[in-house]
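A.B. asks: Mind docking chain B on chain A? Use the hints.
Top line first, the protein sequences correspond to chains A and B. Each residue of the first sequence is one higher than the last, beginning at 1 in the working numbering. Each residue of the second sequence is one higher than the last, beginning at 1 in the working numbering.
Hints listed in this document are in silico derivations from the structure and should not be mistaken for laboratory results. What you are looking at is a predicted structure, and each value in this text was computed from that prediction instead of being measured. The hints are all genuine.
Straight line, CA to CA, 20 angstroms or less: simulated EDC-like cross-link-like pairs of lysine to aspartate or glutamate: (1) Lys207(A) with Glu661(B); (2) Lys240(A) with Glu283(A); (3) Lys597(A) with Asp177(A); (4) Lys240(B) with Glu535(B); (5) Lys665(A) with Glu214(B); (6) Lys666(A) with Glu214(B); (7) Lys656(A) with Glu332(B); (8) Lys666(B) with Glu214(A); (9) Lys309(A) with Glu673(A); (10) Lys478(B) with Asp476(A); (11) Lys665(B) with Glu214(A); (12) Lys478(A) with Asp476(B); (13) Lys668(A) with Glu214(B); (14) Lys656(B) with Glu332(A); (15) Lys648(B) with Glu332(A); (16) Lys668(B) with Glu214(A); (17) Lys207(B) with Glu661(A); (18) Lys648(A) with Glu332(B).
What follows is each chain in one-letter form.
Protein chains: 2
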Amino acid sequence: MILSALLTSVGINLGLCLLFFTLYSILRKQPGNYAVYAPRLVAQRKSEQRSDFNLERLIPSAGWIRQAWQPSEQELLMGFGLDTVVAMRIFVFGLRVFTFAGIVGIVILLPINYSGNQLSDDDSDLPDISLDSFSISNVEDGSNWLWVHFCAAYALTGVVCYLLYNEYGYISSKIIDYFYASKPLPHQFTVLVRGIPVSVGDSVSEKVGSFFSEFYPTVYLSHSVVRRTSKLHSLINEVKQLRRKLARLKLNGNASNRHKREGFLGIFGRRVNVIDYYEKKLEDLQEQVRMEQSSLAGKEVPAAFVSFKSRLGAATVLHIQQRINPTVWVTEQAPDHKDIHWVFFSTSFLRRFISYVLVVVACIVITILFLIPVAIVQGLTNLEQLETWLPFLKGILRLAFIRQVITGYLPSLILQLFVSLIPPVMIMLSTHQGYVAYSQIEKSACIKVLFFTMWNIFFANALSGSALYQIDVILDPKNIPRVLAEAVPGQASFFIAYVVTSGWTGVSSELFRLLPLISNYCRRLFCKKDDEHVEVPSTPYHSQIPKILVFELLGLTYFFLAPLILPFILIFYCMGYIVYRNQILNVYMSKYETSGKFWPLVHSSTIFSLVLMHVIAIGLFTLKKLPLASALILPLPILTLLFNEYCKRRFLPLFKAYPAECLIKKDKENQNEPTMGEFYDKLATAYEDPALKAREYYGATGTNTSPLLRDTGTS
Amino acid sequence: MILSALLTSVGINLGLCLLFFTLYSILRKQPGNYAVYAPRLVAQRKSEQRSDFNLERLIPSAGWIRQAWQPSEQELLMGFGLDTVVAMRIFVFGLRVFTFAGIVGIVILLPINYSGNQLSDDDSDLPDISLDSFSISNVEDGSNWLWVHFCAAYALTGVVCYLLYNEYGYISSKIIDYFYASKPLPHQFTVLVRGIPVSVGDSVSEKVGSFFSEFYPTVYLSHSVVRRTSKLHSLINEVKQLRRKLARLKLNGNASNRHKREGFLGIFGRRVNVIDYYEKKLEDLQEQVRMEQSSLAGKEVPAAFVSFKSRLGAATVLHIQQRINPTVWVTEQAPDHKDIHWVFFSTSFLRRFISYVLVVVACIVITILFLIPVAIVQGLTNLEQLETWLPFLKGILRLAFIRQVITGYLPSLILQLFVSLIPPVMIMLSTHQGYVAYSQIEKSACIKVLFFTMWNIFFANALSGSALYQIDVILDPKNIPRVLAEAVPGQASFFIAYVVTSGWTGVSSELFRLLPLISNYCRRLFCKKDDEHVEVPSTPYHSQIPKILVFELLGLTYFFLAPLILPFILIFYCMGYIVYRNQILNVYMSKYETSGKFWPLVHSSTIFSLVLMHVIAIGLFTLKKLPLASALILPLPILTLLFNEYCKRRFLPLFKAYPAECLIKKDKENQNEPTMGEFYDKLATAYEDPALKAREYYGATGTNTSPLLRDTGTS
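Extracted from the complex, chain A is given alone in its bound form (with noise of 0.2 angstroms):
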């Protein structure tokens, strides 16, 4: 790519986003867009005031970004949780790190790069310079400026694993913070047990009490059965559903409306009222759920939540295994109870290791199939290859600016196209490998979008060539550094245009958010009054982490190779921050809190990339003539290494579970508070499915949304 190509990319991209931007200062602005662009401030009943049309309000403002600054980081720890904060932190930690390597390698590597002249197409006008003169490719072979490189990998290796070490810290210190702040939680008192063997006929409910009550009768409170409601709940589904649309008709319907034909494809029959119609349905529905609420004492899953009267009680058990064979009674610690996923409650281990095999083996299908779409992507940088498969473009492709648009910015635009398929396939996966709540859901589908977009977009795209010949490179790892160092530094060019364009718009088209908002439009057309329902959506961490994580990944592998990249990916960075900031304050909203799970994924995904970048530096250093730096290297990944399995120990524990000095000390805080019993009452019921306390389905009683609702997540 030349340089006027990523122009014309940095500028398509720029001026989409600058639209984004702008279209959002305006449009958040109407107050018929409040449910899209802060459906949460709505839910909360803050956004109340429908102000009149004014001037002011068609007027792009900035005042938004102002306000995404107000809040401090207690308050939004306060406010918002502590995942909202641990995801900060992330985009903090990435502007930290690329602030250095972007001075680092603009002011020090760019210069040297540039004055090289190993590459031949040097003395061409400034706009067809190839960018491949401002990589390393650029300085001649065996040149002692390659020793800046060397010095410059060793210099960000240190300044990322100290920033690391101190974000690993900060974090657990806030995780130890928000408990200590913490009122008694049901999940901190409580154990989900699987697996517990019940011969027919016999009652789970009864085995547990009996087992805890003998082994624990000193802190053993309460359980719960886990009952196989998945039937109810999609017949509960359905009620709410058909409810909402019985409120829209009464609200909105005309006459025309208010009839339909009964019977076949509803041609032939008597015309009835479609209210009349719809609520015999509901009532029919009522009473389904109400049967099918009354035959579940049958079927109980042998699975229990099981509380008890202290943290360390519960800890105790969570921690040591019950039985003599460890594949039944199997203890883990308890999700929220808003974050169980009640739905898909999978129980026998045999079922889940299996279950566990096959979604690795559909994550390999997944990743082969995905090679296609790759060359696709890799047939449009390839335009000679373009031409012979389809000839009637030849006269379009030989204009400058097409040429132009298709190298530099439809290859990642189809690209990221497929990739954004990716993240609710590996939900389905994740969903499916016997997970009981949304977060490990969304956690493992997080690590699959990852492992994925990896391997797609960097190994994939660098290694261009076959699957054959990827697998070939991958099995033999001596090769490695030398395949990687001839591969990845052509594909810096790629990569720039990469995160220009899946990077800006998609951080700017994730403000903008497109589809809610002509979704919102075609409700808004089609029903005269609103129905007052907003959905808040949850805030997706499975898909920005991942991204985000890539870009880092980019940043730190190109970081001496092409330093070009650097102010891009600061800039993505920058962009991301204030934009999560805006995507936590206005719309999305914490359903669960995994109390900062993610980061330790963000820990070793850094120092992946680190090795990466250190591995390719061995390659790069032997292909460049300069084998004494090649070995010198050599150290680095070691102690990058061994400073990750030193984090590990010291601060992984935390993530996992709290420590007994913790329990106790919130434990003794709570022995003497006389709201204790009232706890106590609260927990007992607390493990209960929703959709067997949720009696407002039983038809006769009310009509409208009731507080228990709450617990199945739709607020």
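C.D. replies: For chain B alone, kept in the frame of chain A given last:
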């Protein structure tokens, strides 16, 4: 190697074995050798009857074999502990595997291999037939007979996995039974706490006391802080040696022996009575011991053994991380108090982390250095090279018998000598890794020796070539099946000779105990009377188990490559089993009990052997132009690894800690026993360093062994 060379080797070794067995069955009956062949019984005063001379004593008999067979497993379990039974089960497992493998190999595979015509030198006389004619190399490329080998690989894998699963389950049940049958033992109630952060002037003891009585007031019982006693231990050892010397002198001394000269080299100075001299020296030493013991109060190590009132209490503290920082107040299961290696008590988390890294580096260095003896061995098998190195040997090397000895016997003997140096080195390395118990050190050394032996005997020998070439192969996993399939079958004859030489003579010389026998004779030659001191050696699991497992590796890997190896391995297992039952009944004594912790190691190394067999099969079927078989064998390693994963989750946890079910059951059982008060009193002092309690080294008091001495493991 040709058949006659193998027969020479078998002949030599069989002769040696018979000689050892015969000598053993005579020598064991001589009263003077009781200390060598039955030290365990002597120590237990069971073989004190010193019969007069009779002819029967000079006739070899096989009564000891019958004797070794007599005790049932239950008797062994009760008398010798679980480790002994597990070690026996390892032999039984090997016997079962190789009985099946041997039958399939000899009855089915060997005839198929021998009837093949791939190798051209098939028409020579029987004694000159190359052993390769019995290996798979002799089967024609692409022959359908290879499908028999294919089926055999599946069948053996199935049988081995079935046996492994059964054995894992059986040993698990034994562990539980053994635990239930045990009386209250101090280590069941105790936890070792390391890394207690103390500032200067703080008392560790006070800190530990206040921490546990604040956090676990209901279950905490007592604690003993560890002190730096390495100097004291060495002083006490000196005292013990001096006392033994004095006792011997008093018993045996004649006039000339009773005097020595004082002063420089004993030349100048006056003659003094030796006994007076040593008694004076002993007094000095005892004074030093007293001084050192009284000064230890200030030499606290930031580690303590903390005892609790119940097993569940100890388990709670063990399993839950105590402090926010997981690198301080680190808890681990307290080893049996007889098992503690007091001298080298490293405590800091960081120091242990660093030692671990350094030990790994040292192991790698040793492995690389070991290639030198391996190269020598390879020189011996290559006679032409030997002739060019040492031309004067030319004449001798032309004698057929010498050639056979050199190619068939010497290489494995030399290798075996070098290999026998490794276990003590590995024990030394493991000692510096921060383990606190002999059993942990031994297990860690066992793993190191196993890795080392597998690598050096199998890989370095099979992949004969430079170290760089080997690293090349390992760094190129894709090619491993091919390289192994090319290299391994050709080494079959070497390994058959190795099994015969190293295995058979190893086992029989283990029985014969040549070195202890010689040292015993020397002692009896120079001392007129026995000083009644019998050292009972501790079972050397760290060197025996790796040996057994390496033969298993060889047997499984060569199962279908060269089935000729199987009967030799089967004989090794038979001999080993008998001799082991005998080294156990009479000679060795387990000084501590690990409750079968060695079994998981056997399991994983068996899985490794199976997968290695599959990998070689993949390469081999490709080489033999049967790619379909090569592809169809692929699921086998995957299924085997999944089986391994399942077994790990199903059984492994029990080998790490007892489940709550067992702990609570035992706690309840003991709850109301009147003896528990007494036990608690004993528990409070059980984990005091024996060097601190050993008041008899103070001088003045008693001179003979006291019960406290047993605590240091010298019985």
